[in-house]
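**Q** Just so you know, the sequences run in chain order H and U. With this note's numbering, you'll find the first sequence wraps up at 337, consecutive numbering, no jumps. With this note's numbering, you'll find the second sequence wraps up at 337, consecutive numbering, no jumps.
Take these hints with a grain of salt, some might be off.
Residues of chain U placed beyond 12 Å of chain H at every Cβ, according to the derived structure [what the hints assert, rightly or not]:
1) 50
2) 193
3) 296
Taking lysine to any residue pairs in the SDA-like style, the calculated list, with each CA pair at most 25 Å apart, reads [what the hints assert, rightly or not]:
4) U:311 to H:240
5) H:311 to U:176
6) U:155 to H:313
7) U:155 to H:240
8) U:155 to U:317
9) H:240 to U:176
10) U:311 to H:154
11) U:155 to H:161
12) U:311 to H:98
13) U:240 to H:98
14) U:225 to U:103
15) H:155 to U:135
Keep in mind that the hints were calculated from the coordinates and are not lab data. Positions of the beta carbon are idealized from the N, C-alpha and C atoms, including for glycine.
What follows is each chain in one-letter form.
Protein chains: 2
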Amino acid sequence: MPDFSIGVDLGGTNLRIGAVTPDGRLLEKISVSTKISLGADHVVNEMCDAIQRLSSQYKKSGKLLGAGIGIPGMVDLETGTVATSANLPGWSEYPVRQEIERRLRARIILENDANVHALGEKWLGAARDVDNMAMLTLGTGIGGCIILDGKIFHGLTGMAGEFGHVTIEPEGVPCGCGNRGCAERYASASAVMRMAQEMIASGEAPELAKAAASDPEFSAKSVYNLAVQGDPGARKIYHRFGRALGILMADIVNVLNLEMYVIGGGVASAWDAFAPTMFQEMRERSPIYLATDPENVRNKSANPTHKPRLTIVTRAILGSDAGLYGGARLTAL
Amino acid sequence: MPDFSIGVDLGGTNLRIGAVTPDGRLLEKISVSTKISLGADHVVNEMCDAIQRLSSQYKKSGKLLGAGIGIPGMVDLETGTVATSANLPGWSEYPVRQEIERRLRARIILENDANVHALGEKWLGAARDVDNMAMLTLGTGIGGCIILDGKIFHGLTGMAGEFGHVTIEPEGVPCGCGNRGCAERYASASAVMRMAQEMIASGEAPELAKAAASDPEFSAKSVYNLAVQGDPGARKIYHRFGRALGILMADIVNVLNLEMYVIGGGVASAWDAFAPTMFQEMRERSPIYLATDPENVRNKSANPTHKPRLTIVTRAILGSDAGLYGGARLTAL
């Protein structure tokens, strides 16, 4: 059996762990529930136990090359600690990397989870053929990552790619970050729920009201299902979502002019409902996108042998496994 | 005498040319008026004559290392032609680099003028001590450039750093690019003039109306002078300017998280009138800036020996010479 690395995706309720070979085969993955509220010591214990359990069966014949761990927060890459995270209260004083290295006797790398997902998509997913890309992860908020020359671009303090707090509406909805009108107030799962609740309260969305009242698990996904069925209220929400995401994407394209933008995260599954509006906004708002839009350029191309430079905007393809692949990949870079 | 390079800044009415040594001494600079409307052939002729005139006196003792030319438009770096430029109609078919190389028998590099200015500031100006920075050139519009690891970051089609067309007001003032509410519709010389004309027309700015009627050269600079004297109308214009620029800067910081942002161009001289509002918006709208704001961090720093990571936003210092230094520097990279 071959050598392998471990990729770890630390989520709010689940800890997902995979063993991945250097050429990108996922040997096995496991998922264990964990209670982040019980603190760093508890979670690190669970994590080390699970990594040891998974790797013990591959260790006999292959070497553990290390583990890369995606953390839902800001990571201090030098010290291997969690700098700040709304999701991980009390972790900032805990020597996460050092403690895991001590227990597992392997090379451990911590990284922000959005960055790890992007690295997975770059290695084996939608962006495997490009070296310069950005990824937007649409979940409760918007996670972001920029990859340049195949490597994560961290910026001065590891915060590059903070796309969710780009201003879309200068006097818009207040955001927890202190700003108003941030992109993630309009194009995320929590934004879909906010818009649905506002429309239900104002009486303009009877179908949404009915669904919310009858379904205890009413969610952004429920709103998407109604949009697909043609409900005007649900469609309006995803139209607003697509408009905001299109403005954000146009801004990002105007600043970065990359080869590819990958959109992932749970809410990316509502692609059909928001993507047409998003692309329309991008064409109207980014001269760079308009000049490199595959739809536009392919139709216009006078010389079919000349390969035009295109800006590709596409969905992520690895789903939640991106975090496992990306985490494992960290140990090879 | 030492070897030298030539830096050329091709503007709308003037062609500025400097001879610069490899260690950054400006030996001499000249400025010749040129009529861009007479076409590429005419301008390239003028340019070659002037470069030869200037370099002939230094050629006796030093070697001409090459010339870097800043062009007000999109440059195709591979072919050495002007890809698109609103300012240079009819140039796109002309082999600019090839023609100048043939006449001067020296290495010629074409580059977008905003990029050349930024490279000058990086080499010898405000950003000489940092490797990762962006520059905004506030003129008729907003020029932009991103420098990473000391080199110009071009992006897929050479358009990275197109900050002027980032959306500030989604339903705002229409822009020539096809978008609405672009940053350069609110934070440029032409934006100042538009706002002044609107306020004069509405009757809410009597002092501006008086100045515009009496001064045939009424400009963004005149509005600045009135703002400094305390005129409410003029102050309001630069407040709006600072707000839009602050939103743009917050967006750029959230995306790029660089060490330094340099603001240059003619309108940067109105710094006192717009900068306070700009910084206020940046603190409110960028969590990254707030966490690395020199004012904020220095006051809060508990440990004076720990060097905090700061985001510096500052004025350009080389003025119009930045284009000469940057052009010369192109030949050394």
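**Q** So, for every hint listed, does it hold in this structure?
**A** Evaluated hints:
Non-interface call for residue 50 of chain U relative to chain H: holds, since the shortest CB-CB distance, roughly 30 Å, exceeds 12 Å. Residue placement check: residue 193 of chain U keeps its beta carbon more than 12 Å from all beta carbons of chain H (closest about 20 Å). The claim that residue 296 of chain U lies off the interface is violated: its Cβ sits roughly 6 Å from the closest Cβ of chain H, which falls inside the 12 Å cut-off. Only pairs whose Cα atoms come within 25 Å are accepted, and residue 311 of chain U paired with residue 240 of chain H is rejected, the gap being roughly 49 Å.
Taking the CA atoms of residue 311 of chain H and residue 176 of chain U, the gap is about 36 Å. The hint is violated against a cut of 25 Å. At most 25 Å may separate the alpha-carbon atoms for a hinted pair to count; residue 155 of chain U and residue 313 of chain H meet this at roughly 22 Å. Proximity of residue 155 of chain U to residue 240 of chain H is assessed by CA-CA distance (about 44 Å); at most 25 Å being required, the pair is judged violated. In summary, the hint linking residue 155 of chain U to residue 317 of chain U is supported, as the alpha carbons are separated by about 19 Å, within the 25 Å threshold.
With a C-alpha separation of about 22 Å, the suggested pair residue 240 of chain H and residue 176 of chain U falls inside the 25 Å cut-off, and the hint holds. Our distance criterion of 25 Å between C-alpha atoms is broken by residue 311 of chain U and residue 154 of chain H, whose separation comes to about 30 Å. Proposed proximity of residue 155 of chain U and residue 161 of chain H is supported: the alpha carbons are some 20 Å apart, at most 25 Å. For the hint pairing residue 311 of chain U with residue 98 of chain H, the CA-to-CA distance comes to about 22 Å; that is within 25 Å, so the pair holds.
In summary, the hint linking residue 240 of chain U to residue 98 of chain H is not supported, as the alpha carbons are separated by about 49 Å, beyond the 25 Å threshold. Annotation: proposed proximity of residue 225 of chain U to residue 103 of chain U is violated, straight-line Cα distance about 39 Å (limit 25 Å). Using a Cα cut-off of 25 Å, the hinted pair residue 155 of chain H and residue 135 of chain U holds, with the two alpha carbons roughly 17 Å apart.
The structure shown violates the earlier hints numbered 3, 4, 5, 7, 10, 13 and 14.
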